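Those protein sequences? They're chains A and B, same order as listed.
Count along the first sequence from 1, then add 15; that gives the number in my numbering.
Count along the second sequence from 1, then add 15; that gives the number in my numbering.
Bear in mind the hints are in silico, worked out from the structure with no lab data behind them.
Quantities reported herein were computed from a predicted structural model and do not represent experimental measurements.
Don't take each hint at face value.
Since the list gives no way to pick out one identical chain from another, each pair is judged satisfied if it fits inside one copy or across any two copies.
Listed next, the in silico SDA-like pairs over lysine to any residue satisfying Cα-Cα at most 25 Å (straight line) [unchecked claim]:
| id | residue 1 | residue 2 |
| --- | --- | --- |
| 1 | Lys77 | Tyr265 |
| 2 | Lys119 | Ala177 |
| 3 | Lys137 | Gly98 |
| 4 | Lys119 | Asp32 |
| 5 | Lys77 | Pro213 |
| 6 | Lys192 | Ser168 |
Here's the letter readout for the chains.
2 protein chains.
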Amino acid sequence: MMPTLSGATRLYVIIGDPIAQARAPGGVTAAFAARGQDAILVPVQVAVADVHDFLSVAARLKNLDGIVATIPHKFVCYEACAGASDRARFLRVVNLMRRRADGKWHGDMIDGLGFVGAARAKGIDIKDRRALLVGAGGAGSAIALALIDAGVSELAIHDNEAARRDGLIERLNTLGKAQVRIGTADPRGYDLVANATPAGMQAGDPLPVDVTRLAPSAYCGCAITRPEVSPFIEAARKAGCVTATGTDMYQAQQEMMLDFLLAEDGQD
Amino acid sequence: MMPTLSGATRLYVIIGDPIAQARAPGGVTAAFAARGQDAILVPVQVAVADVHDFLSVAARLKNLDGIVATIPHKFVCYEACAGASDRARFLRVVNLMRRRADGKWHGDMIDGLGFVGAARAKGIDIKDRRALLVGAGGAGSAIALALIDAGVSELAIHDNEAARRDGLIERLNTLGKAQVRIGTADPRGYDLVANATPAGMQAGDPLPVDVTRLAPSAYCGCAITRPEVSPFIEAARKAGCVTATGTDMYQAQQEMMLDFLLAEDGQD
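With the hints as extra help, turn the sequences into a complete structure.
Okay, structure coming up:
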């Protein structure tokens, strides 16, 4: 349940295409109320062809205080920000934007923190794990950076789009923290497997990795929120793995989202 | 209270500038829930300079099913409609737009029905009343048409903008139903007085009519929703008049709004 809405309620939107799968509208709106904020987060389904026009208009809406970006708008939203956190600038992607005092947008990208937070909530220590990440897009690149910051010993990245995979690997290796290299769909030898692709949202999608080769000791996390349990997570559970779903990942970052959206200027 | 919001919730917006005074977001959203609809009406503050761009983008948002227009956007919203009810076409103004199956907007203008409905809810028979209307804008013109349709014997219209006043009078007289003529701020001789101007929203605003000349038998209605009781209505009550506020007028039209927004194609 949510508090009463009025003409004075401050507006936040989550944009994506599709948008029906998004968990944030209900959770963030309830969390606004829990913090005493008369504010709401509403879903807006914006096509790729329309997102530039949408962002142009959104910048001028007087009661719109923030934007949450989901697939496929996280990169274009970064371009619309006048400023952003260090991690968002490294990744060149945002999933959160809040209105600054000068009316412009300040961005952050916390999908990776959600992945790491969900693992910790399951009792998993990420440090020194050998990690395989599938998907080098917006969420994938953020998860990669967060895994490195959390201390994985090595990180392999699998993505059929070789250019974005190799570009991400190259940039991550400039950090000099973990060995980052090209991965495959074979999870043998890894004790952390992350899916950051949409494979599993539609019936008949291929699995992101060869689940017959998952070790029971491998922690498996997935970014998909709908279905609630993706085929990858279902298979990982059958293999005896500790798992976290996209909803677990979302839950782990919801309070961070609120902290960011409601922060004052000058704070990350 | 409202039901739980999700990414699949269908979106309706009310646009205006200002927007904080709008009653519809809470009321319509609760009424959607009462009808079993997973839908929400949210306030969006759009400046006059931005409304064309806003409407251009709104037409392309895939989960936006309707728009409620308030001051100052009711005329431009009519222009954005591919079709509209007879009364909206006569007035060339809309306060409601719903998405047709072909993706375009169908409009209606029910502010006048709200005024008449509020009067009836107060036990007032409008037939054969001598009416004075102040304000010939979007809401005013709709109230004028609804008063004529409800059977007033005469209608005087007062507005400092002579061109729009005279244009409205001329068009209303083509209906051949009631005698419509120019009015003044003097309510003597009238037994129905309607304020459709924003005079009274701000402290220090002039009163729309000379309230020292109100007859206790005159029914007084006002379109202002904030403050809850406008100075005009406060004075009319002191004079012994039966009154209705803008909120009464809003309440009278809320179910009509729902009927329109949720109707199928081909229905007015």
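Legend entry - Same-copy or cross-copy closeness of lysine 77 to proline 213 [CA-CA at most 25 Å]: For lysine 77 and proline 213, the Cα distance is within 25 Å only across copies (21 Å; inside one copy 34 Å).
Inset, instruction - Classify it for me, lysine 77 with tyrosine 265: is the Cα-Cα distance of at most 25 Å met within a copy, between copies, both or neither? - result: Only across copies: lysine 77 and tyrosine 265 sit 24 Å apart there, 28 Å inside one copy, limit 25 Å.
Inset, instruction - Up to 25 Å between alpha-carbons, please classify lysine 119 paired with alanine 177: within, between, both or neither. - result: Neither: 34 Å inside a chain and 41 Å across chains, both beyond 25 Å.
Inset, instruction - Since the copies are identical, ignore which copy is meant and state whether lysine 192 and serine 168 lie within 25 Å (CA to CA) inside a copy, between copies, both or neither. - result: Answer is within; shortest intra-copy Cα gap is 8 Å, inter-copy 85 Å.
Inset, instruction - State whether the alpha carbon distance between lysine 137 and glycine 98 is at most 25 Å within one copy, between copies, both, or neither. - result: neither (34 Å within a copy, 56 Å between copies)
Legend entry - Homo-oligomer pair classification [aspartate 32, lysine 119; C-alpha up to 25 Å]: Both: 24 Å inside a copy, 20 Å across copies.
When each numbered hint is compared with the structure, violations occur for hints 2 and 3.
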